[in-house]
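Got chain A; can you put chain B on it based on the hints?
Protein chains in written order, with the working numbering: chain A, 1 to 205; chain B, 1 to 205.
Hints listed in this document are in silico derivations from the structure and should not be mistaken for laboratory results.
Mixed in with the good hints, there may be bad ones.
Identical copies carry no separate label here, and so any pair may be met within one copy or between two of them.
25 Å max Cα-Cα, derived BS3-like pairs, lysine-lysine [what the hints assert, rightly or not]: (1) K41 x K17; (2) K116 x K198; (3) K41 x K116.
Number of protein chains: 2
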Amino acid sequence: MRELLIICPFSSFNMVKLGFNLRTTAYPMPVVLVGAVVNGKPNFMAVAWFSKVNSNPPMMMVALGKRQYTGEGIVENGCFSVNIPGEDMVSETDYCGIVSGRVEDKARLFDVFYGKSVRVPMIRGCPVNYELRLADTVEMPGTNLFIGEIVGAYVDEEKRSGEVPDLTLVKPFMLMESPPSHYYGLGRHVADAYEVGKKLKPSNT
Amino acid sequence: MRELLIICPFSSFNMVKLGFNLRTTAYPMPVVLVGAVVNGKPNFMAVAWFSKVNSNPPMMMVALGKRQYTGEGIVENGCFSVNIPGEDMVSETDYCGIVSGRVEDKARLFDVFYGKSVRVPMIRGCPVNYELRLADTVEMPGTNLFIGEIVGAYVDEEKRSGEVPDLTLVKPFMLMESPPSHYYGLGRHVADAYEVGKKLKPSNT
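Chain A on its own, in the form it takes in the complex:
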């Protein structure tokens, strides 16, 4: 089989597919810090299970384990923040994924600021911050999906290109969850989106 693969490198027909553990997350996810006021104090946790889920109005989803301390604050206040750390904050971010706000004051690490609501703590050191109003909660077996409508979006003045955040300056990083677990930065420009595929249109062949 190995020899066949070498002889026919452009054919996918000889590739052997093998099963792997269903719980292995085999793709990178950006890491964000989710913020909420819990028991009257700001708290932050690292989350790699999140996504945009709606465009108009703009909405995001974060999936938090049911016993997460931060989740209590989201339920209590009906709002939360999503902060995008740069590579220079990888230690603080990792720390917020290791320890619980139940036992340690993680906000001590950050300069906290507020946007429209004093119940939505955000991290000034993170170049990009989203402020959200809880719109819906979906209960899963082990998590709660907190779906929020974005009501504020903030970026460091010097991390922009034109009117929007410049991700080559923001320098977000990704978590490779499958062990060994690593953080990776953004790599090279691979292609222009909504462009490189046009050549495959039947009219072009």
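Showing chain B alone in chain A's frame:
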């Protein structure tokens, strides 16, 4: 203000936060190809709005516009696939985000295979494939969140390290959605996860 920032590079207090368009997605997301049988034929679409949402059982969420052709197949069959393309498939992936299966047969681009169910088409050329059973659908203003339980996970034999996919071999790529829209590869190793933050524990200071 600019001068202050240069003089005090380690202080975040002088950074000016500015608002930006609430609809701008200012973080990278991995791009996947979501597969379903629609009207009896396999179809695939590019999606960057997706996430793991539960660990046990392992579950994933994909957010699809309500008029997406692929969504019709997911509703009809109650199952779908999530395929992780490598950088070598960036053109095909982009194409699947540009054109609708309503007007063009996108499956012609791929060698399609099936796992446990003949209703879940997967792409052999994508090094990692997940097979999912639809567990829940959450209706958003403009999208449907299809939440699936992972029932099969497949990887190319030569894209593994040990028993799990090796993402440095899989070479997934990320979409920077905010214009100009670009695809980026994975970059350098920044730090070890669940490790680099330990030094911030109070007992260590």
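Enumerated hints in conflict with the structure, sorted upward:
Violated hint (a single one): 2; every other hint is consistent with the structure.
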